[in-house]
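*Asks:* One letter stands for each residue in the lines below.
There are 4 protein chains.
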Amino acid sequence: MKTTRLEAFSDGVLAIIITIMVLELKVPHGIELAALKPVLPVLLSYVLSFVYLGIYWNNHHHLFQATEQVSGGILWANLHLLFWLSLFPFTTAWIGENHLATIPTAVYGFVLLMAAIAYEILERVIIAKQGRQSFLARAVGKDWKSKLSPALYLAAIPLAFLSSWAATVLYIFVALLWLIPDPRIEKALERRER
Amino acid sequence: MKTTRLEAFSDGVLAIIITIMVLELKVPHGIELAALKPVLPVLLSYVLSFVYLGIYWNNHHHLFQATEQVSGGILWANLHLLFWLSLFPFTTAWIGENHLATIPTAVYGFVLLMAAIAYEILERVIIAKQGRQSFLARAVGKDWKSKLSPALYLAAIPLAFLSSWAATVLYIFVALLWLIPDPRIEKALERRER
Amino acid sequence: MKTTRLEAFSDGVLAIIITIMVLELKVPHGIELAALKPVLPVLLSYVLSFVYLGIYWNNHHHLFQATEQVSGGILWANLHLLFWLSLFPFTTAWIGENHLATIPTAVYGFVLLMAAIAYEILERVIIAKQGRQSFLARAVGKDWKSKLSPALYLAAIPLAFLSSWAATVLYIFVALLWLIPDPRIEKALERRER
Amino acid sequence: MKTTRLEAFSDGVLAIIITIMVLELKVPHGIELAALKPVLPVLLSYVLSFVYLGIYWNNHHHLFQATEQVSGGILWANLHLLFWLSLFPFTTAWIGENHLATIPTAVYGFVLLMAAIAYEILERVIIAKQGRQSFLARAVGKDWKSKLSPALYLAAIPLAFLSSWAATVLYIFVALLWLIPDPRIEKALERRER
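Chains A, B, C and D, in that order, are what the protein sequence lines are.
Take the first sequence: its position 55, counted from the start at 1, is 55 in this note's numbering, and no numbers get skipped.
Take the second sequence: its position 108, counted from the start at 1, is 1108 in this note's numbering, and no numbers get skipped.
Take the third sequence: its position 194, counted from the start at 1, is 2194 in this note's numbering, and no numbers get skipped.
Take the fourth sequence: its position 19, counted from the start at 1, is 3019 in this note's numbering, and no numbers get skipped.
Treat each hint with caution, since some may be false.
Listed below are the simulated SDA-like cross-link pairs for lysine to any residue, each with C-alpha atoms no more than 25 Å apart in a straight line [unchecked claim]:
(1) B/Lys1026 with C/Leu2023
(2) C/Lys2145 with B/Gln1065
(3) D/Lys3026 with A/Leu43
(4) A/Lys26 with C/His2099
(5) A/Lys26 with C/Leu2036
(6) D/Lys3002 with A/Asn59
(7) B/Lys1002 with D/Lys3037
(8) B/Lys1026 with C/Val2042
(9) D/Lys3037 with C/Phe2173
(10) C/Lys2026 with D/Thr3003
(11) A/Lys26 with D/Gly3030
(12) A/Lys26 with D/Val3039
Read the hints as simulated data drawn from the structure, not as lab findings.
For clarity, every value in this text was computed on a predicted model and none was experimentally measured.
Working from the sequences, and respecting the hints, build out all of it.
*Replies:* Shown next, in the form of structure tokens:
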């Protein structure tokens, strides 16, 4: 079974998730610039989630480029990841409308954590299918980023109860960490092509 | 006529159906954890429907991998299936918002039943087109799952009037039954490739 | 320029139009069967528009199978068609919520008429690009359906002022007329393949 | 890395953006023709944004036809463009509901400006990747349109404070300017094929 249709379906779901978040930007009733003020925090939380979804799309893209075959397990591990990502519009709107209140900020981090775990599961299921000696297993190697990120989300959740701003800075920091797709896979892919 | 564009269109519709269900998770006005309480049943019904749509996507994927040609009849049988699946967000929100009240639970089962019948029709139309001796006809063989599921949905609908929880347990049971894509098609596909 | 990306984009837009119509099926507040009563006319208008969009998707599919090259003119004629189709959710909800009131029924017919004209323009732009002697031009020939449908829509619009039910019967009649994709193109395609 | 999946994802996002704008066309409560009156300005702003998104889709289509390889930088420049385009439904609804009030009209222009800059960045990142001597670099040459448009948007923003109608005329003028995809790329592509 080839990866094309799984990739197309995932692209579709990710494209919709990233776009329906914008429906939370409620059109203001006023016409003065101040009417945009309540929209601003929603917009900023949208930007953060947009970047996160972009990161997931990029890494998903890389992951399946290094995947040769799809099994039932991979299909469900992928749907599991899409499930957690589909909750982003909900948590994004919640922090946006409540200016990073404690509980919404912690819940936002919880969904980030579950998505990270789901991605890790997906990666492991693919590697298990392809074997420890496969191209992907060697390319990923000791994946410090996907070890560090869940740890940081886990730290951010209790931190939100002390300072939701500090937790948010952690979320932004992890986003910056991932902004560039995994250079090891990219390099390994280039080497393979030669 | 090739199957690619029909698959792409179905993927698009399924991706949208699965994602717009999340719009029913209304952002709570409160900022305490208790504010999530009314969201929880909606979330749980979302999980169930997400799994069901994942199952349909997986089986659809398998079905069309074993399909070589598309006719007008297949196009409409496919649209008929997509129609019933498109009602999932509606029935999902209805049971979620009413904590599995009797009528919503029965209607949820009715839409499940109609989708199962539509899938069965689609399978038969494809087999009729490809001939009783085709690869797909032999792979599907005596399809006990697609015989059992409508029977269980049919049982669940009156059961909902006695106990909507019992009916829901039946829905979950059928979902678990289907969670793994039909191994017969998968095995037959593998055999063909050899 | 190949047709694949234009087809993919059109599939995406059509898949979204067909699916967001379901957002108009507002979840009832009640939990008894009677609560579904106000949903019923919206559901029926949804079925009609679903069939219409299915017809457009099928014919679009056939049309571009017989198209070899895409020009700037074809791109815009296609977007023009998608524009009118994108108004279907609006007019569908309007007739559904108002039980086929006069003006909504007439406006529904007007949008059907504009979509039919847009499809006709698209077909002509493609034929103009490929030449009068092209495969498509010969396959379409004297296209009585696309001549009759706009005439029937045009008749239905004033008819709505006498009886919106009669106008609706006409809309249903045209839908039935088109339900099967153009057999001439299908036959010609089959002949070409031989 | 090939451009197919990036194009498919962008198509998906653009298809959704173009279609969810129609959700802002609120179904009128009345059933007389006058009930459509408040919908009209929203419809007109929808037409303008539909044309703009069509232009971006067409040019994006051309741009990636002349692109051979995708890098991390191109992926993010593309997501950056999609971000600004995703704000179109918001600004479109705002001007539509407020009959081109000053601030909404200026903000509409600001988002147009940012999208134009994002497109310019994307084009430059692609050219930088492919080299100054690449096919695309030579095809684009001195791109007067993408120089003129941001200048016109920049002029329109302060102009909106004098007359929001004059600013809107400028937006329409730029749309007409771009309506036809860049003939230089099209011609160069044709030449290459020979």
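*Asks:* Hints broken by the structure, by number, lowest first?
*Replies:* Violated hints (numbers, rising): 2, 4, 5, 7, 9, 10; every other hint is consistent with the structure.
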